Each structure stands twice: as structure tokens, then as C-alpha cells.
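Given chain A's structure and the hints, the job is docking chain B onto it.
Residue numbers (the numbering used here), protein chains in the order written: chain A, 1 to 437; chain B, 1 to 437.
Simulated from the structure, these hints should not be mistaken for laboratory data.
Please read these numbers as outputs of a predicted model, since none were measured by experiment.
Idealized CB from N, CA, C, for every residue including glycine.
Check the hints yourself; a few may be wrong.
Unchecked claim - Simulated crosslink set (DSS-like; lysine-lysine; CA at most 27 Å straight-line):
#, chain 1, residue 1, chain 2, residue 2
1, A, K106, A, K196
2, A, K196, B, K260
3, A, K196, B, K106
As the list claims (entries may be wrong) - Partial list, derived from the structure: chain A residues whose beta carbon lies under 8 Å from chain B:
#, residue
4, S54
5, D222
6, R261
7, G263
8, I286
9, L294
10, L296
11, L298
12, I300
13, E322
14, L325
15, I332
16, L336
17, G337
18, M340
19, P410
Number of protein chains: 2
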Amino acid sequence: MIEIHEPALEELIHDWSTLNREERLARFRSLPPGQDDDFFLSLEDHDEADLVVSMPASERRLWMRLLAPDDAADLIQNAPRSCQADLLAELDDATRKEVSALLAYKEDVAGGRMSPRFARVRPDSTMDEAIAYLRRQAAQVETIYYAYALDEEQRLLGVVSFRDLFSADRTKTVRQVMRTRFVSVLANTDQEQLAKLFREHHLLAIPVVDGDHRMQGIVTIDDIVSVLQQENSEDIQKVGGMEGLDRPYLEIGFLQMVRKRAGWLAILFVGEMFTATAMGYFEDEIAKAVVLALFLPLIISSGGNSGSQATTLVIRAMALGEVRLRDWYRVIRRELGAGMVLGAGLASIGMARILIWQAVKGAYGVHYLLVAFTIALSLVGVVTFGTVAGSMLPFILRRCGLDPASASAPFVATLVDVTGLIIYFSVAGLILRGTLL
Amino acid sequence: MIEIHEPALEELIHDWSTLNREERLARFRSLPPGQDDDFFLSLEDHDEADLVVSMPASERRLWMRLLAPDDAADLIQNAPRSCQADLLAELDDATRKEVSALLAYKEDVAGGRMSPRFARVRPDSTMDEAIAYLRRQAAQVETIYYAYALDEEQRLLGVVSFRDLFSADRTKTVRQVMRTRFVSVLANTDQEQLAKLFREHHLLAIPVVDGDHRMQGIVTIDDIVSVLQQENSEDIQKVGGMEGLDRPYLEIGFLQMVRKRAGWLAILFVGEMFTATAMGYFEDEIAKAVVLALFLPLIISSGGNSGSQATTLVIRAMALGEVRLRDWYRVIRRELGAGMVLGAGLASIGMARILIWQAVKGAYGVHYLLVAFTIALSLVGVVTFGTVAGSMLPFILRRCGLDPASASAPFVATLVDVTGLIIYFSVAGLILRGTLL
Numbered sequence: 001m002i003e004i005h006e007p008a009l010e011e012l013i014h015d016w017s018t019l020n021r022e023e024r025l026a027r028f029r030s031l032p033p034g035q036d037d038d039f040f041l042s043l044e045d046h047d048e049a050d051l052v053v054s055m056p057a058s059e060r061r062l063w064m065r066l067l068a069p070d071d072a073a074d075l076i077q078n079a080p081r082s083c084q085a086d087l088l089a090e091l092d093d094a095t096r097k098e099v100s101a102l103l104a105y106k107e108d109v110a111g112g113r114m115s116p117r118f119a120r121v122r123p124d125s126t127m128d129e130a131i132a133y134l135r136r137q138a139a140q141v142e143t144i145y146y147a148y149a150l151d152e153e154q155r156l157l158g159v160v161s162f163r164d165l166f167s168a169d170r171t172k173t174v175r176q177v178m179r180t181r182f183v184s185v186l187a188n189t190d191q192e193q194l195a196k197l198f199r200e201h202h203l204l205a206i207p208v209v210d211g212d213h214r215m216q217g218i219v220t221i222d223d224i225v226s227v228l229q230q231e232n233s234e235d236i237q238k239v240g241g242m243e244g245l246d247r248p249y250l251e252i253g254f255l256q257m258v259r260k261r262a263g264w265l266a267i268l269f270v271g272e273m274f275t276a277t278a279m280g281y282f283e284d285e286i287a288k289a290v291v292l293a294l295f296l297p298l299i300i301s302s303g304g305n306s307g308s309q310a311t312t313l314v315i316r317a318m319a320l321g322e323v324r325l326r327d328w329y330r331v332i333r334r335e336l337g338a339g340m341v342l343g344a345g346l347a348s349i350g351m352a353r354i355l356i357w358q359a360v361k362g363a364y365g366v367h368y369l370l371v372a373f374t375i376a377l378s379l380v381g382v383v384t385f386g387t388v389a390g391s392m393l394p395f396i397l398r399r400c401g402l403d404p405a406s407a408s409a410p411f412v413a414t415l416v417d418v419t420g421l422i423i424y425f426s427v428a429g430l431i432l433r434g435t436l437l
Numbered sequence: 001m002i003e004i005h006e007p008a009l010e011e012l013i014h015d016w017s018t019l020n021r022e023e024r025l026a027r028f029r030s031l032p033p034g035q036d037d038d039f040f041l042s043l044e045d046h047d048e049a050d051l052v053v054s055m056p057a058s059e060r061r062l063w064m065r066l067l068a069p070d071d072a073a074d075l076i077q078n079a080p081r082s083c084q085a086d087l088l089a090e091l092d093d094a095t096r097k098e099v100s101a102l103l104a105y106k107e108d109v110a111g112g113r114m115s116p117r118f119a120r121v122r123p124d125s126t127m128d129e130a131i132a133y134l135r136r137q138a139a140q141v142e143t144i145y146y147a148y149a150l151d152e153e154q155r156l157l158g159v160v161s162f163r164d165l166f167s168a169d170r171t172k173t174v175r176q177v178m179r180t181r182f183v184s185v186l187a188n189t190d191q192e193q194l195a196k197l198f199r200e201h202h203l204l205a206i207p208v209v210d211g212d213h214r215m216q217g218i219v220t221i222d223d224i225v226s227v228l229q230q231e232n233s234e235d236i237q238k239v240g241g242m243e244g245l246d247r248p249y250l251e252i253g254f255l256q257m258v259r260k261r262a263g264w265l266a267i268l269f270v271g272e273m274f275t276a277t278a279m280g281y282f283e284d285e286i287a288k289a290v291v292l293a294l295f296l297p298l299i300i301s302s303g304g305n306s307g308s309q310a311t312t313l314v315i316r317a318m319a320l321g322e323v324r325l326r327d328w329y330r331v332i333r334r335e336l337g338a339g340m341v342l343g344a345g346l347a348s349i350g351m352a353r354i355l356i357w358q359a360v361k362g363a364y365g366v367h368y369l370l371v372a373f374t375i376a377l378s379l380v381g382v383v384t385f386g387t388v389a390g391s392m393l394p395f396i397l398r399r400c401g402l403d404p405a406s407a408s409a410p411f412v413a414t415l416v417d418v419t420g421l422i423i424y425f426s427v428a429g430l431i432l433r434g435t436l437l
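Just chain A, with the same shape it has in the complex (with noise of 0.2 Å):
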């Protein structure tokens, strides 16, 4: 009978984060087995190290001893720095030295997530000789969709497919047959730019090389999968003006939440508070011309709506390599004629407005087609300013060596909330002056 478990594993996981450590491990107790295991492999890192660090340590060692080497290494690095040995000394003696080569290495990049378990064969063997050998490895092995053939150096020659292995001529051998043409990677590259490989090349496991092309383990697609979208919820948290939560929602404390909302917000604070000391220039003007005033949020908030755009299209286009540092000078121009024509496009919205208005209801004096222009002609420049401010705000921190990501929508819109206004004001001096001011 089919049996379709994912619905009950489903509740579990969302429910989960409802409970205290006691009740977690009350639950987890309470599973049938078979359906435990199940349940304790799709746990999250950080959920699986906090769950088996309540376990008393007589229960740990089953369930430490049930994880792959890269799996153990990813669980020991959530676990408080205090119990990491603790668990480390539950596992056999091979798979602890396979670990404790894997903690050396930083948990995001390819050596943090790589499994020192994959499959061999000899580039002499026939395909019947290579498949039976392989089956003697299967049990031990991360994956066998790909075999690989190493040199005695054991440097890597090759790569088979479990396609290829067996739908080859069984007379042939590995070295016919393998592919000497292969994605592989060092153990320091970074974790983004393995997901781009596997996206472009369509693999399933990529090998990790040191730099005499000795093989030190694979990158499963699987691993890449949670770091996709780990990495991406930390990138939107970006664009959203805060630090990347490392733990969902609901389950991080409350004054975590806060400390890591609090930071960015100060710092956009202070920034915004420039706008009140360039005010403080303006002063004598808004005392002359209040109608200025009135259009103040309205003008600035559209340099910083557009700027937010721009900065998040360049943003993601850089992580995901579509654009680099030298092409700062396509992206400029297009953003340029991107913000001008966007201008004026509000620019003739708030002017239909300021004279419909002045139609209906006579709301701005007998200046108003003065005050019309100032207002198209600011929103042209805040708006373009804003365009461009924001397309190149993340090619200034990634020259200087910053994550591109910080130059979030709420960051963006600070920046030109005080040149917007600077702006606007200017536009009022040039077009006002003699009237109304």
C-alpha cells in the first residue's frame, strides 16, 4: 500500500517550534520507529544540534552514529561550543577523524560541506568489474550517481556517470568511458558560487580537489538545496534593511529578533537625521512657502522608491553573477536613462494632480503653475538621482570589499532622502524665487 508520510512530517516540523526542549524530546520519543529517523534527518541543522543535545548522553550515540560525516560536522557546528567535543566523541573512530578534518574547514564553503564518502573506481576495470566494485562501496557511500577515478596519488582522472557505467558496452573501461572534462572545485570556494555551478551544469554532486587535483570528498546537490535557500532568506532580509536571521521566525528569541532589528535601524536613524539638520537650511524658506512642505514626503519618497529598485535589481543580479564590477558602466547608463524616463513619468502624474487640484478646490495660490514646475522638475532629478544612487551604491561596497547586500531598499532610501531634499529645495530656490520666496 502506498503510504504518502510527508502531511503527519509536515505538522511535526511546523508545530515544532512551539515546544520547549522537553516537550520536543517527549515528542520525538513518542515516534513509531522508522518514522523517527525519518523525522530526525529533515530536522534543520540548529533544530537537530539543540534536540540531541537534550538527549541524555546515553541516547545520543544512535542518533549521532545514524548521520553522514558532513552531516555530523554540520550538527556538531550548531551545537554550543561547550558540548561540540562531547559529541564528537560519540562517533566511531573513522567517521571522527572524517569530522574533525570537515570542523576545520568553515561551514560555508565547499570543504564545510563536503562528504569525504564517494565512490571509487579504477580507471582500468571493465564496467561489469567497476559495477560490482561499486556495489561493495554502495552501503558506505554518500552517493553512487557518479563514480570517480582516481590515480594511485589518488588524483582524480575522471568522472562516471551511473548512467554511463551502465549503458557502456560492458567490454569497455572506465578510462573509455569517463568523462576527463569535469566541474571541480577547491575546498575554500564559497557556497554561492558552488549552487551557481550545479545550477549552470546540472549536476548532482561536484568533487572538492586540493590543488594537485587529489580528491578530499564531494558536494552533494542536496546540501546546496538548504544553503539556496538559507542564503536567499538572508539576501531578502537584506533588501528589507536588517541583519539576515539565522533561525526562522518564530522560533529565534525575542530580544535576538530585536538586537538584530535594532542595529540597522539606528544606523538608518542617524542617517535620516541629516534630513533635519538640511531642513534646518530650508527653514526660512518653508516659514515663506508652507505649499513646500506639503510635497516634501511625496518628493523624497519617490527618489528613495526608485532607488530602492534599482539597488535591489543590481543587488541580486551580482549574486547571481549577471553583472560584475566592470560592467559598472553599462548598468550606469542604462540606470541614467532608466531614472529620466521614470521621472518624468511621475513628473506628469503630479503636475495632472497639482492642476486638477487647483481646478477643483484653488488649494495653491495664483503661483500654482510655478509650484506645478517645481515639483516635475524636482521629481525628475530625485527620481534620476535616486536611479543612480541606488544602481551604484553596490558597486561602491563590493569595491571596497563589502557585502553588496547591505546597500538595502530602506539604506537606499535614506541616502536620498537627504540629497531629495537638498534637491527640491534647490528647484524651489531657482524656479520661487521673486514670488514666493
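Positioned in the frame of chain A, the structure of chain B alone reads:
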């Protein structure tokens, strides 16, 4: 010898966007055999479609026939409608039938992503028989990592992984080894839901079945990785306040890009116009106390920034399934607390700034303490309102059947700007009546 072809391919793809159709075709034809098919398969769906469409009919057949049915269906879906029938005609009869069936599904559901070419085994075969049988299918199927045991009516009975086949006792039958508890989906399952299943269960392929559990095809993880990237780009672009671009930044046409940005920008602009209307009601207050205008951008942007943070967090948590509609009460309680704490933090920075400026420059007149209190109290109100509104907007949108990701940072900022200035002037009216007002 090891040759890593990735960098060359990378160069080709990057540069690709700057070429016109003829140049692309010429470049593609100049690639050495063996590298041209790697390159072809690594192109994004729409680039692949463009390239094939630009070829003379005689050249198309080779490339169309290189594609697996699901990839051919994706290509055809990305080609201009007028060419689709011609492209379909290039396929051999069997493939054409499969591709036509796939084209009946939307591109973003399991049915549109699935391959009908999966590996099948008979439930009563022994391990040796099953392996021999798979060996005969290997060249034709999309992935051989899992084999599917079907009954005579094509109903899915169980799944057996290659590793299990290889490591199990040779005399056992498939029925004894196969997993009967497994994840499967219906053809109309959304691709985001699919991505979640791949991630939670660490799977390489998921079977697609109909209502009677009859096997339709499989979705493989490599198709989902590109889906994930694309969906995430769209989500990020929505947070930045625009429609998702469906092509790389440097490749999309200028007018098309401007159009995607102009829509939201105009909507936000019209929304922001209400600030001018609202300000109209407070014109007298501004004329009496110009000092109020100075802090206006600071206060309303603080509401916008805190709202952006809250909305981004909630949208992402919803996309990942961490937060559901029924969690709204837990979220609002959390955000009410967070808003008050964050607002109080900004209020104290704001007060400090006013007191220091007053001490140094005497900038805010005799009633500076009242002004400081007005600013501080307004900040607590505006930030709390922004946070709560930003966090609830995605719930409201989803409740109305709309995409919660439409609650972009700029959208929330606009909403909060209007209410923010009403809060600000109301607080000012309460505190400053009889002194400045």
C-alpha cells in the same frame, strides 16, 4: 589529464548577453564539438529558446533532439508562440507525444517540470534481475538514482534507491527492499511546495502520481535548483518594490524593464500623494511651528524602515512555511512588543540629539523640551504602528488570496508615511497646544 572547463563556459555565458542574435549563433557554431553541447545545455531556458529559434530549420533538429522531454517542453514554452508548432515538429514521434503532454501543464507546477522517463522495476524481481533490467533502461531515463516499482495498472507501489539495490542481499526481491512510505506529489503541486519537499527530505527525485496513484513521471532536483533561484530573484525584486524581472538584468530590454518598474512606482506615487493631502490639513500648524517640518522626514521614514523590516521577515517566513495564516496572533503580539522596544530606542536617540543640539546651538527655541517630547512620543507611536502594519499586511494580502510578497518595503513605507504624519501632527497638537501651536 584533468581539464576543468568551467571558467571557459562561464566566460561564454557572461559575455553572451551583449551579443545580438546573429553574433550568438556565429559564436555558438564556432565552438568545438563536445563543448557546444555542454554549452547548449548550460544555457537558461529562454536563451536556449532564442538560440534554436534563430537557427535555420535544418540545424534545429539536432539540438531539439538533444533535449530530454521536460527540457524540450521548457524550451518550447519559452519560444515565441508562432514558432512552437515548428519546434515540436522537429522531435521524433515518441518524444513529441511526451512533450505535448507536458505542455498541457503550467510551467510552475510539478506536471510542467516532470520527466516521463523514469526508471522502473518489477516488484518481484531479485536484486540481480532488477539491476540488469535497469541497465537496459539506463540510456533512456532521466535519472537512475531511484527506481519505481509499479503494478500492472501503473500504480506506484514503492521506491527503491540505487544504493539499496546495490547494497541489499542479492537474493532479496524488490518488494522486500523497496520503501513503501515515500513522498509523492500530484501533477498540480506548486513548484515552491516541491522545493520545500526536496529540502526537507533530502531527495534527488520525487514521483508525480495521479489521483489513483498511477505514476505520471518524476521531478528531479536539478530542475528545482534553477526554479529556486528564479523564485528567489522574484521575491527579492518584489521586496524591492517592483514586478519580478523574468530575465537577467543586462539582457532584458530597456523598455520592458522600465515598464516593470513604472507600474509599482506609479502606484506608490499615487499612494504617497495622500501625504500631500494629509499635510494640507496641518498647513496652519506648520506655518505656526516650522520646527515641526524639520523632523517630518525623520519621523515618517523611521516608521517606513521598521515596517519594511517587519514585512520582509513575515513574507520570507511565509514563503518558507515557517509562519501560516493561523499564526497571525502570535506574530502581532511579537511585533507589538518589538515595535515598542525599537520605537523607544529611536526615541531616546532622537531626544539626545535635540538636547545636544539645543545645548550647543540653541536651535529649537524656548520650548525645546516640549519639542523633544513630541518627537520622542511620535517615534514610539510611528515605529510601533509601522512594525505592526508591516507585519500584518502580508497576512491580509494572503487572506484576500493575493501574493503576500506584494507587501514590499516601499509599499509598506508609503502606507506608513501617511499614517505616520497623522500620528506626528496629532501628538504635536496634544503636547504643543497653547505653546507653539
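Outcome of the hint check:
no., hint, verdict
1, A/K106 with A/K196, "19 Å, holds"
2, A/K196 with B/K260, "26 Å, holds"
3, A/K196 with B/K106, "26 Å, holds"
4, S54, "21 Å, violated"
5, D222, "4 Å, holds"
6, R261, "5 Å, holds"
7, G263, "10 Å, violated"
8, I286, "5 Å, holds"
9, L294, "4 Å, holds"
10, L296, "7 Å, holds"
11, L298, "5 Å, holds"
12, I300, "6 Å, holds"
13, E322, "4 Å, holds"
14, L325, "12 Å, violated"
15, I332, "12 Å, violated"
16, L336, "11 Å, violated"
17, G337, "7 Å, holds"
18, M340, "10 Å, violated"
19, P410, "4 Å, holds"
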